[in-house]
Amino acid sequence: KAGVTQTPRYLIKTRGQQVTLSCSPISGHRSVSWYQQTPGQGLQFLFEYFSETQRNKGNFPGRFSGRQFSNSRSEMNVSTLELGDSALYLCASSSGLAGVSEQFFGPGTRLTVL
Amino acid sequence: AQRVTQPEKLLSVFKGAPVELKCNYSYSGSPELFWYVQYSRQRLQLLLRHISRESIKGFTADLNKGETSFHLKKPFAQEEDSAMYYCALSGPNTGNQFYFGTGTSLTVIP
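Chains as they are written, first to last, in the working numbering: chain A, 1 to 114; chain B, 1001 to 1110.
This is chain A alone, in the form it adopts within the complex:
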């Protein structure tokens, strides 16, 4: 099976701009979770989508949003970028079915905000 893929791998933006990141899960997986990874904070949960519906949400401002398509691919959008948004954004897919299922991570998108 092909692994989780994320595009683009690197992004450089300036403050105030917006950005859209994409994640393609493992075939057959219906759940996609997004995380922000920074050296000081580790992995912080942004949100999870399952079957096109947001199922869980972390404590991030409304500037962070996401969606999931019928093929389970997911996008994450960050509007009005701030310097502090510079981070590695990871997505993880899982079957999302009953119980806790293993999360499989993508390589991440490295976002730099100047």
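Accuracy of the hints is not assured; some may be wrong.
[Claimed, not checked] Only part of the chain A face toward chain B is listed, based on derived beta-carbon distances under 7 Å: (1) I12; (2) G42; (3) L43; (4) N56; (5) E102; (6) F105; (7) P107.
Source of the hints: derived by calculation from the structure; they are not laboratory data.
Just so you know, these numbers come straight off a predicted model, no measurement behind them.
Yeah, the Cβ is synthetic: ideal placement off N, Cα and C, and Gly gets one too.
Take the given structure of chain A and dock chain B to it, following the hints.
Relative to chain A, chain B alone:
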């Protein structure tokens, strides 16, 4: 509230020495605990989960509900064990959302 604490940001051990990476958690009920590892230039991947009770790459972890801990151990560290290790928690009380610790960077000195 759910929380995962990894008290050590950095840990260095000599090759062949035992290693223990600490993880403490708070959770109401029966959690599922995981250890994920991220080697240099590789993606985050599952190392082990407590319900499987497996030993992966010589690593083991025992869930201690009394001490709310899930420490990762290996009797003899190898250079290839150098990586970033994350402890994670999930369960019904979190809506099966994962909570990660801040990670421990392990360096095995040759």
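These are the hints, each one checked on the structure:
1. Hint status for A:I12 relative to chain B: violated, with the closest Cβ pair at about 20 Å, above 7 Å.
2. The restraint placing A:G42 at the interface with chain B holds, with a minimum CB-CB distance near 4 Å, inside the 7 Å limit.
3. The beta carbon of A:L43 comes within 4 Å of a beta carbon in chain B, closer than 7 Å, and the hint placing it at the interface holds.
4. The interface hint given for A:N56 holds, since its Cβ lies 4 Å from the closest Cβ of chain B, which is under the 7 Å cut-off.
5. The closest approach between the C-beta of A:E102 and any C-beta of chain B is roughly 5 Å, which is under the 7 Å cut-off, so the hint is satisfied.
6. Checking A:F105 against chain B: minimum C-beta separation of about 4 Å stays under 7 Å; hint holds.
7. Nearest Cβ of chain B to the Cβ of A:P107: about 5 Å, under the 7 Å cut. The hint holds.
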